[in-house]
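These protein sequence lines map, in sequence, to chains S and F. Positions in the first sequence are counted from 1; adding 84 to them yields the working numbering. Positions in the second sequence are counted from 1; adding 27 to them yields the working numbering.
None of these hints come from the bench; they were simulated from the model. Every clue listed holds true.
Incomplete in silico selection of chain F near chain S, CB under 8 Å:
hint, residue
1, Glu71
2, Val72
3, Tyr73
4, Arg74
5, Gly75
6, Tyr78
No farther apart than 25 Å at their CA atoms in a straight line, the calculated lysine to any residue pairs in the SDA-like style are these:
hint, chain 1, residue 1, chain 2, residue 2
7, S, Lys348, F, Asp81
8, S, Lys282, F, Gly75
9, S, Lys125, F, Val72
10, S, Lys125, F, Val83
11, S, Lys353, F, Pro84
12, S, Lys353, F, Thr70
13, S, Lys353, F, Thr79
14, S, Lys348, F, Glu77
15, S, Lys125, F, Leu82
16, S, Lys353, F, Gly114
17, F, Lys36, S, Asn290
18, S, Lys353, F, Tyr78
19, S, Lys348, S, Ala337
20, S, Lys353, F, Glu77
21, S, Lys353, F, Val72
22, S, Lys348, F, His69
23, F, Lys99, F, Gly54
24, S, Lys353, F, Leu82
25, S, Lys348, F, Thr70
26, S, Lys353, F, Gly75
27, S, Lys353, F, Tyr73
28, S, Lys125, F, His69
The model shown is predicted, which means the values in this text are computed figures rather than measured ones. Here a beta-carbon is modelled for each residue, glycine too, at the ideal position from N, C-alpha and C.
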Amino acid sequence: MPFDIKNLNAGDTAWVLASASLVLLMTPALAFFYGGMVRVKHALAMLMQNFMAIAVVSVTWVVIGFSWAFGGTGNFLGDLHYLGLQHINDVVPTLGSAQTMPTLVFVAFQLTFAVITPALITGSTADRWKFGAFVAFVAVWSILIYAPVAHWVFNGYGWLNQSLHSSGKFFAEDFAGGTVVHINAGAAGLAMAFVLGKRRGWPRENMRGHNIPLVMLGAGLLWFGWFGFNAGSALTASNLAGVAWMNTNTATATALMGWIAVEKLRYGKCTALGAASGAVAGLVAITPAAGFVSPIGAIFIGLIAGAVCACAISLKNRFGYDDSLDVVGVHFVGGWTGTLLIGFFSTDGINSLANKGILYGGGGKYGGWNLLWHQAAAAAAVTVFSFVGTFVIAKVIGLVMQNRVTEEDEISGLDLAIHGESAYDFGPLAGSGSHYLPSAAQRESVRA
Amino acid sequence: MKLVTAIIKPFKLDDVKIALENLGIQGLTVSEVSGFGRQHGHTEVYRGAEYTVDLVPKVRVEVLVEPQDATKVVDAMVEAARTGKIGDGKVWVTDLDTVVRVRTGERDEDAV
Chain S
85 MPFDIKNLNA GDTAWVLASA SLVLLMTPAL AFFYGGMVRV KHALAMLMQN FMAIAVVSVT
145 WVVIGFSWAF GGTGNFLGDL HYLGLQHIND VVPTLGSAQT MPTLVFVAFQ LTFAVITPAL
205 ITGSTADRWK FGAFVAFVAV WSILIYAPVA HWVFNGYGWL NQSLHSSGKF FAEDFAGGTV
265 VHINAGAAGL AMAFVLGKRR GWPRENMRGH NIPLVMLGAG LLWFGWFGFN AGSALTASNL
325 AGVAWMNTNT ATATALMGWI AVEKLRYGKC TALGAASGAV AGLVAITPAA GFVSPIGAIF
385 IGLIAGAVCA CAISLKNRFG YDDSLDVVGV HFVGGWTGTL LIGFFSTDGI NSLANKGILY
445 GGGGKYGGWN LLWHQAAAAA AVTVFSFVGT FVIAKVIGLV MQNRVTEEDE ISGLDLAIHG
505 ESAYDFGPLA GSGSHYLPSA AQRESVRA
Chain F
28 MKLVTAIIKP FKLDDVKIAL ENLGIQGLTV SEVSGFGRQH GHTEVYRGAE YTVDLVPKVR
88 VEVLVEPQDA TKVVDAMVEA ARTGKIGDGK VWVTDLDTVV RVRTGERDED AV
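One chain only, chain S, in its complex shape:
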């Protein structure tokens, strides 16, 4: 069915276009958030992987990803109706008669989510994933893992969404991607930490981040971009978008405080890195809930998520997996926390498709304790699919090429070994060849 231009709402279209741009900025923001946390010799490699995720997924999404995620009315996978963005004037099935923007605008908005999800994985794999293998992985993963999961949850006909089934209610509630983006990326990050193994020297050697101000800058830009992520997911310039905006900011604020409060109790000091991490944990946890809870609910969701994630980052030390920059501790655990807390804090006062949670006296087939159980089932389904799928994809790629860099490259630093550059040039000594010897031709040109 072609989109009827008479249904176009200029306010909605403008807001979703602006939101798409905000969300796209989140991936470079993530690059800096992660980039500051790695050692100086690997900083550019981290930035490059995140930028590459933008480039690679921008292509796979247009070719097939969107069609598999949002085409058709199947339970588990979309169809090939929009393959190569054919039939792009047709209404998106999940939006139906409620569609108020051109289909291509919706494609663009969803693209930016598909981009940042595999980019999030790079936090657990820092300093050791070969660039070529990473590029291949992201291309395959965005098609085989992201697109199906997006279909399950974001498509009203998907088996975890079901809002367009006869009941007219959500099976599990995920407003902007707590399962699709954060649990999905977190489980994949955990799988990749096992596939690649630990960084050489971890946890014995000192691997503190080289630039905490960059981490704070990245966190700040993520916070900014996240308004597009959550308030944009209303897909309308409406009260719902305003509620999602306010919930997003509120939960982020309390999560920041929750994280540094845990730090103060456990280690005696509130750290800047902790504040940045807590803010991101809050953004993650409110993502699935942003359009279903009140700002008071958001206060609790943020506070709980900040405290829980601040404790969860110790898991890797206990179990011995090198989730280098805490994708599991922040995105996986934060995503689970937000997804489960919806079972308590969800209200149908904002969004008529939503269910009443336990604290609002919800009951019946979709409310109350059943809602909590559905939330857990959805999170578990995405966890298992993503973990197993990621593991298989990486192992298959490993048959064709090396996933992990050589020991020599890892020790000398990926920036120089893979990209032939250094992140910083501090002073005359650093710039005069202490890192690499110029070629004979370059030396000649300097003399001339």
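Given chain S, put chain F in place with the hints provided.
Same frame as chain S, now just chain F:
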């Protein structure tokens, strides 16, 4: 000629410089260094992971003096750099063979 070398806490550099200027010292060299003595390092906590930083940042001040000035330069530096707490640093004096001023080629005492 003698070379007086002082390893001091970075925030004491200004005090030491002023003390040396008051003695009429014409030049000095400063470098940022790291190391440890009895003070040893400190620990930093990043997302719950404790890192021991063994090497503490210090400032090294080097001054060329004529032999008869060595004692009072040492005393002035020690006094200016002292806080009384652990980690204040050290000052030592070494004998030198030859000193040459690059611009003029002057040697030894004339070059100081």
